[in-house]
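Chemist: Please construct the entire structure, taking both the sequences and the accompanying hints into account.
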Amino acid sequence: MFSFIVQRLLQAVIVMVCVAFVAFLLFQYVGDPVLFMLGQDATADQIIALRKDLGLDRSFVIQFFNFLINAVQGEFGISLRQGAKVSRLIAERLPATLELAFVAAGLALLAGIPMGVYAALKRDAWMSQLLMTVSLLGVSLPTFLIGILLILFFSVLLGWFPSFGRGDVIRLGGWSTGLLSAKGWHHIILPALTLAIFQLTLIMRLVRAEMLEVLRTDYIKFARARGLSNSAIHFGHALKNTLIPVMTITGLQLGGLIAFAIITETVFQWPGMGLLFIQAVTYADVPVMAAYLCLIALIFVVINLIVDLLYFAVDPRLRIGNLGGRST
Amino acid sequence: MNLLELKNLVVEFPSRHGTLRALDGISFEISPGEILGVVGESGAGKSLTGASIIGLLEPPGRVASGEIILKGQRIDNLSNDQMRSIRGRKIGAIFQDPLTSLNPLYSIGKQLTETIQTHIPMSDAQARQRAIALLQDTGIPAAAERIDHYPHQFSGGMRQRVVIALALAAEPELIVADEPTTALDVSIQAQIIGLLKNICKQKGAAVMLITHDMGVIAETCDRVAVMYAGRIVEIGPVQQVIHQPQHPYTVGLMASIPDIENDRERLNQIDGSMPRLNAIPAGCAFNPRCSQVFIKCKQAKPELKTVDGLTRTEVACWLQSDLTRSTL
Amino acid sequence: MRNPIGHWLNSDIGHSFKASKTATGAAGIAFVFIFCAIFAQWVAPTNPFDPASLDLMDARLPPAWVEEGSLKYLLGTDDQGRDILSALIYGARISLIVGIASVAVSLCVGVSLGLLAGFRGGWLDTFLMRLCDIMLSFPAILVALLIAGVGRALLPQADESLAFVVLIVSISLTGWVQYARTVRGTTLVERNKEYVQAARVTGVAPFRIMVRHVLPNVLGPVLVLATIQVATAIITEATLSFLGVGVPPTSPSLGTLIRIGNDFLFSGEWWITIFPGLTLVLIALSVNLLGDWLRDALNPRLH
Numbered sequence: 004m005f006s007f008i009v010q011r012l013l014q015a016v017i018v019m020v021c022v023a024f025v026a027f028l029l030f031q032y033v034g035d036p037v038l039f040m041l042g043q044d045a046t047a048d049q050i051i052a053l054r055k056d057l058g059l060d061r062s063f064v065i066q067f068f069n070f071l072i073n074a075v076q077g078e079f080g081i082s083l084r085q086g087a088k089v090s091r092l093i094a095e096r097l098p099a100t101l102e103l104a105f106v107a108a109g110l111a112l113l114a115g116i117p118m119g120v121y122a123a124l125k126r127d128a129w130m131s132q133l134l135m136t137v138s139l140l141g142v143s144l145p146t147f148l149i150g151i152l153l154i155l156f157f158s159v160l161l162g163w164f165p166s167f168g169r170g171d172v173i174r175l176g177g178w179s180t181g182l183l184s185a186k187g188w189h190h191i192i193l194p195a196l197t198l199a200i201f202q203l204t205l206i207m208r209l210v211r212a213e214m215l216e217v218l219r220t221d222y223i224k225f226a227r228a229r230g231l232s233n234s235a236i237h238f239g240h241a242l243k244n245t246l247i248p249v250m251t252i253t254g255l256q257l258g259g260l261i262a263f264a265i266i267t268e269t270v271f272q273w274p275g276m277g278l279l280f281i282q283a284v285t286y287a288d289v290p291v292m293a294a295y296l297c298l299i300a301l302i303f304v305v306i307n308l309i310v311d312l313l314y315f316a317v318d319p320r321l322r323i324g325n326l327g328g329r330s331t
Numbered sequence: 670m671n672l673l674e675l676k677n678l679v680v681e682f683p684s685r686h687g688t689l690r691a692l693d694g695i696s697f698e699i700s701p702g703e704i705l706g707v708v709g710e711s712g713a714g715k716s717l718t719g720a721s722i723i724g725l726l727e728p729p730g731r732v733a734s735g736e737i738i739l740k741g742q743r744i745d746n747l748s749n750d751q752m753r754s755i756r757g758r759k760i761g762a763i764f765q766d767p768l769t770s771l772n773p774l775y776s777i778g779k780q781l782t783e784t785i786q787t788h789i790p791m792s793d794a795q796a797r798q799r800a801i802a803l804l805q806d807t808g809i810p811a812a813a814e815r816i817d818h819y820p821h822q823f824s825g826g827m828r829q830r831v832v833i834a835l836a837l838a839a840e841p842e843l844i845v846a847d848e849p850t851t852a853l854d855v856s857i858q859a860q861i862i863g864l865l866k867n868i869c870k871q872k873g874a875a876v877m878l879i880t881h882d883m884g885v886i887a888e889t890c891d892r893v894a895v896m897y898a899g900r901i902v903e904i905g906p907v908q909q910v911i912h913q914p915q916h917p918y919t920v921g922l923m924a925s926i927p928d929i930e931n932d933r934e935r936l937n938q939i940d941g942s943m944p945r946l947n948a949i950p951a952g953c954a955f956n957p958r959c960s961q962v963f964i965k966c967k968q969a970k971p972e973l974k975t976v977d978g979l980t981r982t983e984v985a986c987w988l989q990s991d992l993t994r995s996t997l
Numbered sequence: 331m332r333n334p335i336g337h338w339l340n341s342d343i344g345h346s347f348k349a350s351k352t353a354t355g356a357a358g359i360a361f362v363f364i365f366c367a368i369f370a371q372w373v374a375p376t377n378p379f380d381p382a383s384l385d386l387m388d389a390r391l392p393p394a395w396v397e398e399g400s401l402k403y404l405l406g407t408d409d410q411g412r413d414i415l416s417a418l419i420y421g422a423r424i425s426l427i428v429g430i431a432s433v434a435v436s437l438c439v440g441v442s443l444g445l446l447a448g449f450r451g452g453w454l455d456t457f458l459m460r461l462c463d464i465m466l467s468f469p470a471i472l473v474a475l476l477i478a479g480v481g482r483a484l485l486p487q488a489d490e491s492l493a494f495v496v497l498i499v500s501i502s503l504t505g506w507v508q509y510a511r512t513v514r515g516t517t518l519v520e521r522n523k524e525y526v527q528a529a530r531v532t533g534v535a536p537f538r539i540m541v542r543h544v545l546p547n548v549l550g551p552v553l554v555l556a557t558i559q560v561a562t563a564i565i566t567e568a569t570l571s572f573l574g575v576g577v578p579p580t581s582p583s584l585g586t587l588i589r590i591g592n593d594f595l596f597s598g599e600w601w602i603t604i605f606p607g608l609t610l611v612l613i614a615l616s617v618n619l620l621g622d623w624l625r626d627a628l629n630p631r632l633h
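Protein chains in written order, with our numbering: chain B, 4 to 331; chain L, 670 to 997; chain Z, 331 to 633.
Honestly, I wouldn't trust all of these hints.
As the list claims (entries may be wrong) - Per the computed footprint, the stretches of chain B lying under chain L, defined by three or more beta-carbons under 8 Å from a beta-carbon of chain L, are:
#1 216 to 222
#2 225 to 233
#3 240 to 253
As the list claims (entries may be wrong) - Heads up, incomplete: computed chain B residues facing chain L, CB under 8 Å, no partners named:
#4 Asp318
#5 Pro319
#6 Arg320
#7 Ile323
Rather than coming from a laboratory, the hints here were simulated on the basis of the structure.
Note that CB positions come from ideal geometry on N, CA and C, so glycine has one too.
Modeler: The following block contains the structure:
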């Protein structure tokens with residue numbers, strides 16, 4: 004098992020280096036890296052000094068190396084658009100996005116899994132057909148449209164929820180949270196719902212499909228032949244076997260949440276990293292784009308690692324492997 | 670009284686092309702403690718018969734008519750809930766592939782105790798003791814330790830032993846074994862068949878052994894039923910059917926078993942092949958391939974008729990009819 | 331085969347198609363949209379991009395069934411007096427073109443790469459598969475946004491057609507992966523079969539023979555993939571356009587229309603954004619339904 008962890012860590016590092024390389028290419032060759040580091044108001048002397056420092060006259064590999072060292076310390080220069088340090092901008096906005104993503108993930112899982120189980124067990128009930136049709140809608144509705152519809156309905160027509168901003172935010176050390184105030188929750192509901200719906204339909208369809216597959220297996224047939232009760236078969240055996248692949252795929256999808264947050268944040272003017280990124284793209288603000296890329300890659304890699312470890316913990320075939328010994 | 674009695678069981682599969690009749694009037698009895706072999710080619714309907722008995726026919730297949738009687742009580746018309754109390758407790762089942770018959774995520778101890786406690790109320794500790802005893806009976810070494818192992822930690826033969834233990838856990842009076850050794854190595858097959866025979870005799874359970882392997886039948890069974898195209902063509906004591914087959918199909922089957930003593934150039938085979946469900950010929954289904962066919966065979970289906978009352982041998986063939994013999 | 335359509339309609343798939351009302355309904359809707367898109371100039375009541383035909387007096391009119399609306403502008407107008415229905419039809423055309431083009435590109439690239447990887451094997455195969463893994467773990471929208479951003483940084487004064495190319499490339503950049511995987515899998519299976527080795531021995535190009543056997547096998551799954559991906563591509567393009575980095579503003583797609591309309595939500599002119607939105611959903615839904623039905627129809631295990 005130890006070698007497994009080491010292997011995965013090594014893979015993670017390789018992926019990060021590759022992504023950093025792409026970010027490096029962006030930084031060095033799309034626009035002027037010196038300007039990125041110093042900002043628009045740099046003096047000629049500063050520019051010359053930094054050019055030397057950055058080793059722009061040195062070899063490619065050394066430049067990449069420098070970039071890597073900077074990147075690891077979170078140093079990505081100065082945003083073209085905002086004039087502030089990229090690292091500071093991101094640090095300010097990270098909590099907003101992360102909170103949004105977690106609330107959305109929680110919603111998606113808490114609602115999606117039971118719905119999927121229900122749709123699998125009661126295939127012919129009208130509720131199941133309805134759920135499946137609605138889920139198809141969820142896949143066909145782009146996230147931004149869901150956001151707009153929710154705003155139209157709950158903000159404009161009903162006036163129940165606000166449609167932009169985070170509401171009251173409390174600072175805890177470096178973290179600003181909106182989850183500790185009622186207003187904060189008020190503000191997070193619509194965007195979290197928007198973000199969650201796509202994931203929810205995905206999870207629901209996945210759980211249903213997996214469960215149907217599992218219910219067709221020989222061991223379920225054998226369990227039925229042994230006279231086990233329906234709840235033992237469905238919730239004891241089938242559910243556990245269903246949740247393992249679901250867990251893996253969901254974990255990998257969580258990264259998608261962070262990406263889709265871009266859209267949601269735009270619709271709701273949510274002050275997170277996604278909004279920052281979109282503004283960077285529109286403005287061709289390369290330092291921010293490069294930094295965002297690296298950060299996202301890091302988040303993905305960490306999530307993948309955690310999912311792998313979870314898999315290990317839950318599936319005895321991986322956990323025990325051949326240690327138990329085999330006998331004929 | 671007979672333990673199990675089938676009376677004219679008809680199983681049909683409605684489909685877009687019409688209704689396919691997979692079992693066309695199956696009738697036989699099993700006495701308590703008896704081992705009945707059911708032999709025939711793939712597609713003859715052996716597994717379907719087994720599935721119908723334990724009430725696990727896959728839809729759209731359904732029992733169209735006929736009766737299944739267990740100890741004097743009809744069981745083919747029971748609700749699923751009622752059948753559930755019979756499965757495992759009165760009738761146990763063993764399927765072909767031991768690898769897929771066991772849930773890979775649960776230890777075999779958990780699967781055993783769960784089955785035991787579903788049918789017989791007892792404490793966890795008692796159930797565990799009983800499970801260990803069962804494993805010992807089926808020849809698993811170091812049962813007290815291996816009870817906490819997972820299925821993937823056992824070899825194929827050992828797994829099938831676990832499957833047998835599971836089927837016998839609630840002490841059923843009848844076991845339906847559907848090709849229990851087909852998926853195992855030849856060297857293991859003999860062991861498992863021997864185990865099945867001994868343990869069932871020991872616990873007084875009758876066995877319906879479904880297989881296409883005549884050798885296994887000869888070694889293990891008391892009586893054998895030969896199936897062809899959804900019907901039973903011959904049924905009787907094992908020695909009788911093997912050494913003095915009456916039905917031309919059985920004759921052909923026996924003749925096609927290679928004999929190491931016999932010096933031949935070519936293996937015997939029955940010309941042609943078993944008809945598909947939607948192309949069963951009129952009259953006796955075997956008539957296109959029969960070497961002794963005459964007019965009546967193409968006109969009417971022969972019913973099972975007792976040809977030897979002492980041994981309870983029955984054959985479904987027009988050759989056996991007195992009327993026919995006199996006109997030949 | 332004298333009547334291929336009739337023959338197809340009588341096959342198992344054809345029967346399942348006729349029996350499934352959703353499939354026929356979805357196909358019908360998709361067909362209507364494609365028709366309107368192709369013949370936009372004749373179907374649309376007005377040409378909303380011709381400034382001469384616009385009348386500012388007609389701006390911000392609600393749909394015909396609300397009072398103050400007029401039958402001339404069935405679905406209302408926007409703040410410039412443009413007829414929403416016409417803008418819809420033209421917008422749908424752009425969306426469909428971009429969507430289908432992106433899928434076509436992904437398909438060609440993916441199938442070719444898959445064939446290559448499966449046939450050559452070795453390091454090329456491993457490299458390609460690793461690439462696929464990495465690409466799959468990044469959400470498509472992110473990749474598309476990055477490409478769009480890089481495109482903007484590199485070519486700030488790009489003209490319209492270049493913008494379209496960048497857009498199509500950015501959408502198809504993640505789509506090819508699924509095709510490559512599927513085709514590679516089948517290629518690997520076929521490569522080991524004897525007829526390929528026989529071809530090698532007799533001097534026939536084994537690659538050509540294999541392609542002839544691989545392609546029919548993958549046709550089914552690839553078709554399902556392509557159908558579902560058209561819906562995804564349309565939605566991705568709409569998203570990009572909504573965010574402002576998609577189609578150029580001179581050729582507004584449904585996404586652009588939605589973005590423009592979004593500004594008028596709070597002032598009560600909901601139709602400017604809702605109707606393009608509904609159209610988008612209808613197109614995506616019908617294509618998705620078709621793809622879903624196709625997947626079930628081609629799945630041997632369900633029969």
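Chemist: Hint by hint, note whether the structure agrees.
Modeler: Evaluated hints:
By the rule of at least three residues with a Cβ nearer than 8 Å to a Cβ of chain L, the coverage given for the segment 216 to 222 of chain B holds, with 3 such residues. A count of 9 residues in the segment 225 to 233 of chain B with a Cβ less than 8 Å from any Cβ of chain L is obtained; the coverage claim is therefore met, three being the minimum. With 4 residues having a Cβ less than 8 Å from any Cβ of chain L, the segment 240 to 253 of chain B passes the three-residue criterion, so the hint holds. Residue-level restraint check for B:Asp318 holds (minimum Cβ-Cβ distance to chain L is 7 Å; threshold 8 Å).
Residue-level restraint check for B:Pro319 holds (minimum Cβ-Cβ distance to chain L is 4 Å; threshold 8 Å). Annotation: B:Arg320 was flagged as interfacial toward chain L, and the flag holds, the nearest CB pair being 5 Å apart, inside 8 Å. Against a cut-off of 8 Å between C-beta atoms, the interface hint on B:Ile323 holds, since the closest Cβ of chain L lies about 6 Å away.
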